[in-house]
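Letter by letter, the chains look like this.
There are 2 protein chains.
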Amino acid sequence: MKSWVESANSADTQFPLNNLPYGVFTTGDEDPRCGVAIGDMILDVAYLEEEGVIALDEDGDPMLDLPFWNEVMEAGRETWDALRARLIDLLAEDGDAVLRDDAAMRARALVPLADAEMHMPFVVSEYTDFYAGKQHAQNMGAILRGSPDLPANWLHIPIGYNGRASSVVVSGTDIHRPLGQSKAPDAEVPSFGPCKRLDIELEMGAIVGTSSEMGQPITVDQADDMIFGYVLLNDWSARDIQGWEYQPLGPFQGKAFGTTISPWIVTSAALAPFRTETPARDKELLPYLTESKPGLYDIALEVTMQPEGADKATTVAQTNYSRMYYSAAQQLCHHAVGGVPMNGGDLLGSGTISGPSKSEYGSLMELSWAGREPFTLDTGETRTFIEDGDTLTLKGAAKGDGYQIGFGDCEGKILPAITNFPAK
Amino acid sequence: MKSWVESANSADTQFPLNNLPYGVFTTGDEDPRCGVAIGDMILDVAYLEEEGVIALDEDGDPMLDLPFWNEVMEAGRETWDALRARLIDLLAEDGDAVLRDDAAMRARALVPLADAEMHMPFVVSEYTDFYAGKQHAQNMGAILRGSPDLPANWLHIPIGYNGRASSVVVSGTDIHRPLGQSKAPDAEVPSFGPCKRLDIELEMGAIVGTSSEMGQPITVDQADDMIFGYVLLNDWSARDIQGWEYQPLGPFQGKAFGTTISPWIVTSAALAPFRTETPARDKELLPYLTESKPGLYDIALEVTMQPEGADKATTVAQTNYSRMYYSAAQQLCHHAVGGVPMNGGDLLGSGTISGPSKSEYGSLMELSWAGREPFTLDTGETRTFIEDGDTLTLKGAAKGDGYQIGFGDCEGKILPAITNFPAK
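Chains W and S, in that order, are what the protein sequence lines are. Take 1 as the starting number for the first sequence in full-length UniProt numbering and just add one per residue. Take 1 as the starting number for the second sequence in full-length UniProt numbering and just add one per residue.
A few of these clues could be false.
For lysine-lysine, the following DSSO-like pairs were computed, each having C-alpha atoms within a straight-line distance of at most 30 Å [claimed, not checked]:
1. S:183 with S:399
2. S:183 with W:293
3. W:283 with S:196
Okay, the calculated beta carbon distance ranges per label pair [to be verified]:
4. S:382 with W:192: 40 to 50 Å
5. W:52 with S:51: 51 to 61 Å
6. S:78 with W:106: 49 to 59 Å
7. W:117 with S:213: 14 to 24 Å
8. S:81 with W:419: 48 to 58 Å
9. W:28 with S:399: 42 to 52 Å
10. W:106 with S:61: 34 to 44 Å
11. S:59 with W:10: 43 to 53 Å
12. W:150 with S:382: 52 to 62 Å
13. S:78 with W:101: 30 to 40 Å
14. W:114 with S:78: 43 to 53 Å
Worth flagging that the hints you see were computed from the coordinates, not collected in a lab. Fair warning: this is a prediction, and the values are worked out from it, not measured in the lab. We put the CB at the ideal spot given by N, CA and C, even for glycine.
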């Protein structure tokens, strides 16, 4: 599909007309508002709504002049489809000319991406993280328990745990190294201090758009229909804290201090051509988890690492979202089936995505095999875990014929721990 | 302290002038609004704010004509203290006469508790559940692992996990038995269906009032100062679902379907005279968890169970909040110390409260020793876990000299599972 926004037609752009991802941006001191990426520009849809060029709400209440996409998400799939259709019509080479042929409106409505600051694209209602990558689960078993055998329930349940929503931040937000308790294997008692084994987890985040009711189970198809879109997600992890705390009730402070997402919500609609089957089942799933259509997506993923002062980043892993064993729809169905209400703005982390070869491992824990095998960056430095000043970046794109659906970088720099406890 | 509201001076009332707990109520079709319990009445503080009798916000914006107490909570301790002082002045026998001596205003401002419907008293930002009762942890170890030995980290860390906020409901809300996966010990594969081992957990809930900053550790004293108040909390638990899912990442669907809280937030200020020390430490705590003042409260607790159609409830357990090993302030400090921002409206479950004797066990799992020892209700029926139609109620009161600080009932009735998956 061709756009009159020339930069959207380049094979290199992350944001062609087929993508149209949703973000929240500012260019100065004004309030954050909704925008749509197209080529190297942001379409200021809050402004276009104000001008009546985009009309979503029957009563004329603004749904886009807001610092989040939750209103649109909660409005449901008809609104999602109508907005996408309208945006394509406005931006296509041969579509509605109202914006294309109005130089003044164009100048006001299109803002260079390079000039914008991106904010959280939605208000996270609750955050749940899953553990649905088989290679990752096997690697962690081998590292932590000496055996790659999966837990007994793993092939039956999309295992998940509730995470902390208040520390989900947008790409570009610095993260302080967390403090916490850990215990060295040979120590008699635990100690308290900055994390010594700071890690990433390469994940996709699925964003729930519409709600389910308390007590009411849903099907996988319904769950799939509730998903508004996807982001890249870095589940920062403090391995030493996590290792000491996680028995018997699971990860808590080892995961609480930060989760970074990419700034653009890539919609399920934009990703539809890239749907791909979950892999063959090692064991038959219970009927409630059966999918009627391919639930994963073919999205190429990459992790880079750049030490403070280095002039370029090193690619440390490359894999694909299609490596996962469970889809986001299966995860959401399992999550909701017991009766908990799911809400617009709920964020579901896929679990760490690792492929079968070492170059596809989605965490430093796996890449350095728990620190036993340091790896070398292009700068010549070696790493096992993250050092202060390192910047970690996730990248992702679904690759079509002559175009790609990109997510924008999911990036975070690690700052030293804050160790002072201020007086009351 | 004596009030001119006569029913508040009875030794039997849960809501004397010393208490003044905060709830949200309606008496008809009007919007839910903030109220304060006094004797057998609710003081309509939204109305008194409108009349200018209570003034909290400098700009005159309403903080009480809202369906939640979050605005007051986030305003901070000065506002909390000012409101409590004003309420005592308005309701004390010898205080400000503006309400006491105005019959029309009194008639409008005081609503019989019996006529009111109670709603959630605050918007739950996020919900975290802890595991801080030593007797409970030992009992669960003995039941599930054959040994009462505590996990290695238990005496060092207030162990917690993130729960699901969207299914926290107010007392009186029916709960559907959840569906889920479980696997019988002798079964080869798991099955899916209604929970067969439905349970309660007797807990207190601490409500965070003011926020902490991302990346910034806090002390136990600061944490204590951030706590606005307490409620009774029933952490409904599906033991069979939980048993199959919880390794390796902790409780998830076994706890997600419902959490019930009592309707009145009893403030930290009202409970201050009942502060009591955490028990002697079995192992020295790391310095960051040290308390400078008693962190628990002497609150008598009770669990009752009433089958459908029975004319009275049976008391199945009686214990005290002071049985806990960690205080809410220690839990909140541990939660925040790694840098996750804590927010007004965060709810922290204490963990199941069980005392040393069987009559003090705070879950049916312990009372029936995992179903092996059925117990008998006053109706003559026996129980191991909850049956459809059973109503479970938690009660709690801090008992002073001639008065008590009550919480109101924390009650829920179990309805059959909804097993239909509706068409899309």
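Each hint, compared with the structure:
For the hint linking residue 183 of chain S to residue 399 of chain S, the alpha-carbon distance of about 44 Å lies beyond 30 Å, and the restraint is violated. About 28 Å separates the Cα atoms of residue 183 of chain S and residue 293 of chain W, which keeps this hinted pair within 30 Å; it holds. Proximity of residue 283 of chain W to residue 196 of chain S is assessed by CA-CA distance (about 24 Å); at most 30 Å being required, the pair is judged to hold. Under the hint 40 to 50 Å, the C-beta atoms of residue 382 of chain S and residue 192 of chain W, about 48 Å apart, fit the expected range.
Between residue 52 of chain W and residue 51 of chain S the C-beta distance comes to about 43 Å, which lies outside the given range of 51 to 61 Å. Between residue 78 of chain S and residue 106 of chain W the beta carbon distance is about 51 Å. The supplied range of 49 to 59 Å therefore holds. At about 21 Å, the beta-carbon gap between residue 117 of chain W and residue 213 of chain S stays in the expected band of 14 to 24 Å. Judged by the Cβ atoms, the range 48 to 58 Å given for residue 81 of chain S and residue 419 of chain W is violated: they are separated by roughly 32 Å.
At about 60 Å, the beta-carbon gap between residue 28 of chain W and residue 399 of chain S misses the expected band of 42 to 52 Å. For residue 106 of chain W paired with residue 61 of chain S, a C-beta distance near 40 Å keeps the hint of 34 to 44 Å intact. Taking 43 to 53 Å as the suggested C-beta distance range, the pair residue 59 of chain S and residue 10 of chain W conforms, at roughly 51 Å. Checked against the hint of 52 to 62 Å, the pair residue 150 of chain W and residue 382 of chain S fails, with Cβ atoms roughly 40 Å apart.
Between residue 78 of chain S and residue 101 of chain W the Cβ separation comes to about 58 Å, which falls outside the hinted range of 30 to 40 Å. Distance hint check for residue 114 of chain W and residue 78 of chain S: the Cβ-Cβ separation is about 45 Å, which falls inside the suggested range of 43 to 53 Å.
The structure shown violates the earlier hints numbered 1, 5, 8, 9, 12, 13.
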